[in-house]
Amino acid sequence: MKKISDVVWEIPKSYKAGMLTPARIIATKKILQEMDEQVYEQLTNVATLPGLINHALCMPDGHSGYGFPIGGVAAMDAENGVISPGGIGFDINCGMRLVLTNLTADDVKPHLKKLVDELYLKVPAGVGSKGFVKLSHNEFKEAVEMGAKWCVEKGYGWEEDLRRIEEDGCMEGADSSKISIRSIQRGVDQIGTLGSGNHYLEIQVVKPEFIFDKDAAKTLGIFPNQVVIMFHCGSRGFGHQVATDYLQTFLSVMHSKYGIRILDRELACAPFNSPEGQNYFAGMKCGVNMSFMNRQVILHRIREVFSSIFRSEPEDLGLHMVYDVAHNTAKLEKHTVNGEKKEVLVHRKGATKAFGPNSEGLPPEFAKLGQPVIIGGSMETGSYLLLGTETAMKESFGSTCHGSGRTMSRTRARHLFRGDKLQRDMEQRGIYVKSVSYSGLAEEAGAAYKDIDEVVGAVDQAGISKKVVRFIPIGNVKG
Amino acid sequence: MKTPVSILTGYLGSGKTTLLRRILNETTKKVAVIINEFGDIGIDGRVIKGKNVNMIELTGGCVCCSLEGEFKAAIKEIITKTNPELILVETTGVAEPEAIAFDLEESLPEVRLDSVITVVDADGIMMFPSIGHTGRVQIEMGDVILVNKIDLVNPRDIIKVEKKLHEINGKATLFRTYKCEIDSELLFGTYTTKTTEQMHKHKHDPKIDLFQISVDQEIQREGLSDFLSSLPREVYRAKGLIVIKNHGLHLLNYVVGRWDLEPMPGNYSSGNQLVFIGERVGSKKKVITEKLNEVLMRK
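Those protein sequence lines, which keep their order, are chains R and D.
Numbering of the first sequence is given in the numbering used here, commencing with residue 1 and proceeding in unit increments.
Numbering of the second sequence is given in the numbering used here, commencing with residue 480 and proceeding in unit increments.
Read the hints as simulated data drawn from the structure, not as lab findings.
There may be inaccurate statements among the hints.
As the list claims (entries may be wrong) - A few chain R residues facing chain D, derived, Cβ under 10 angstroms:
(1) Ser64
(2) Gly173
(3) Asp175
(4) Gly237
(5) Ile260
Note that the structure is a prediction, hence the values are computed from the model and not measured.
Beta carbons are placed, not taken as given, at the ideal position from N, Cα and C, and that holds for glycine.
Please model the complete structure; the sequences and the hints are all you need to start from.
As structure tokens, then:
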């Protein structure tokens with residue numbers, strides 16, 4: 001492993017036969033030493049995929065995932081590269097949304113328990129949970145082509161929400177004729193649901209000592225002792241089915257039709273420009289949009305709950321969005337490659353887009369700052385708001401980390417921690433948790449994750465994002 | 480009695496659906512299977528729409544179910560409506576298979592996790608040098624691994640595949656299969672001496688056998704734990720009624736190093752039998768009996 005800087009490490013092409021580019025890991029020495037060894041294998045496998053540009057990249061929160069590591073970034077040549085569901089993830093566009101309030105911790109604390117309990121009722125959690133939005137299959141198909149805009153039109157949100165979402169809440173080119181009936185069946189009643197696993201909704205507080213960039217925080221509407229809401233969820237069974245459908249398709253054509261050989265079948269892929277690749281891209285966009293809708297409806301429910309508990313209109317409570325970022329996507333973007341602007345397909349799996357100041361598509365009110373990046377920590381440790389940078393554009397195709405990243409498997413966490421005990425411990429420390437299951441809670445124990453400060457420190461030091469503020473949780477609904 | 484639930488997992492195309500079809504055709508038990516899509520398995524019938532689950536009843540008593548709503552609610556609905564002898568969950572039908580396997584018993588007191596069955600295609604393992612993360616998790620989770628499609632690889636490679644699998648999961652019992660040919664009763668541990676003969680009539684692994692030991696005494700809880708922990712790895716399953724001192728009658732279900740004790744109504748009755756199933760377990764009968772007698776002697 002070659003040291004490029006204190007926080008950038010390179011695995012050379014000579015590591016494995018077939019690597020087209022070196023692989024790079026962004027991490028502090030501590031993180032690198034503790035990193036799951038499978039990540040090296042997976043990342044160097046990714047470096048063998050046709051059309052890969054510059055490096056196969058892994059963010060400091062990287063850990064092993066389906067084919068690609070979670071925390072992986074792979075930019076493919078749009079003309080002769082591939083698209084791979086394993087590089088995007090099953091939970092297409094699982095992502096984060098950050099919402100402001102004009103309430104302080106003192107305003108909220110007396111109502112905290114009621115607030116969390118009510119959110120738990122209104123935002124269903126758990127495997128297979130159903131939402132309150134009832135749609136026919138045709139309405140669903142129409143909706144996933146429109147994304148969050150569909151929700152706003154139906155009254156689930158405000159017009160201003162849309163430009164605070166990556167892609168303005170809709171990835172253009174989503175084509176619902178490219179998704180299976182089964183995927184629709186699985187997704188149709190899941191809009192407005194958290195799901196299970198690492199998905200959650202959290203009430204957090206801005207501690208004055210954790211505001212790192214006062215000006216940026218102010219521009220983004222953040223003030224000391226403020227209460228904010230952060231949540232993490234994705235496209236539920238729908239995205240999962242879209243990915244499964246195309247994995248099957250790709251496995252059947254990859255070698256026989258396109259002659260592509262891969263090292264691990266979880267890397268199943270197809271040429272981006274092939275009919276199969278394009279169909280998946282259009283279907284994946286439906287998944288991305290469904291997830292934006294999911295978070296949009298959840299925001300609507302949050303506004304309703306706050307409004308009923310604090311007996312004020314959501315507008316008067318200042319329930320504005322800061323931003324919504326996607327984790328598991330592939331996007332066609334323009335990047336400078338060898339001095340030339342070029343269209344590339346950037347796979348981000350458990351990685352966040354982190355575009356620098358004045359990038360296209362940023363809302364004018366904070367275009368100068370760069371794109372907001374929302375980093376969810378583990379339940380116990382806290383979360384961050386960062387900004388994208390120029391350096392990210394140069395070094396990581398405008399990408400950064402997405403969370404703290406697991407240090408151990410869910411199975412191991414379940415054996416090591418007890419959910420009920422964890423819940424009591426957290427309550428003693430002032431965090432009120434409501435969860436569908438205790439063992440699900442144990443999986444998400446803080447100690448099952450990397451130190452979020454170390455992870456964020458690494459991307460900040462590497463210059464691919466800039467710290468603005470750290471939030472501390474006081475209430476949590478866990479999926 | 481708790482309803483046993485088995486989880487069926489494996490890579491796309493490894494043979495899960497073939498196995499399911501075989502189970503539904505051959506089993507003498509009333510099995511409810513939860514699958515992703517009715518079309519996958521090629522069954523026809525009237526779909527009975529439920530709240531959380533849609534079902535098709537098959538001749539012979541088995542039921543095919545496709546999930547419509549929340550998983551746990553669906554399991555409850557299946558038990559209430561059809562009272563199956565066991566439930567088999569095929570994991571491509573659910574979004575987070577890992578979460579389900581490990582969450583099951585805690586969140587659903589009416590069920591017991593019986594076993595995780597992983598189907599692996601031997602040729603797939605040979606064709607791709609790396610086993611991906613998800614494939615690895617599936618292998619790690621398995622109590623039983625069917626090494627399927629052995630007809631597509633040469634015998635020396637099968638040994639390589641088995642070695643690779645054991646490196647990832649040293650505890651699992653491996654069965655070599657062609658088109659998932661395996662006695663479903665063996666998978667579910669429901670067979671008895673009566674079915675052994677039947678089993679041998681099928682073209683199944685002749686290495687598998689079983690024996691019984693009568694237990695006419697109470698056993699101490701700790702002694703029982705010691706005994707079960709000491710079982711050699713050839714024992715794939717053990718089951719039977721047993722009386723635990725100060726705790727009464729229990730149903731023991733042991734699957735590859737993991738066991739479950741379910742309190743049963745009724746009192747001590749003589750002639751309780753513990754059945755041991757596994758690869759050439761007959762040769763281990765003596766050691767196992769000695770160990771059992773040793774813990775039974777403890778005061």
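Hint check results:
no.: 1; hint: Ser64; result: 4 angstroms, holds
no.: 2; hint: Gly173; result: 25 angstroms, violated
no.: 3; hint: Asp175; result: 22 angstroms, violated
no.: 4; hint: Gly237; result: 5 angstroms, holds
no.: 5; hint: Ile260; result: 12 angstroms, violated
When each numbered hint is compared with the structure, violations occur for hints 2, 3, 5.
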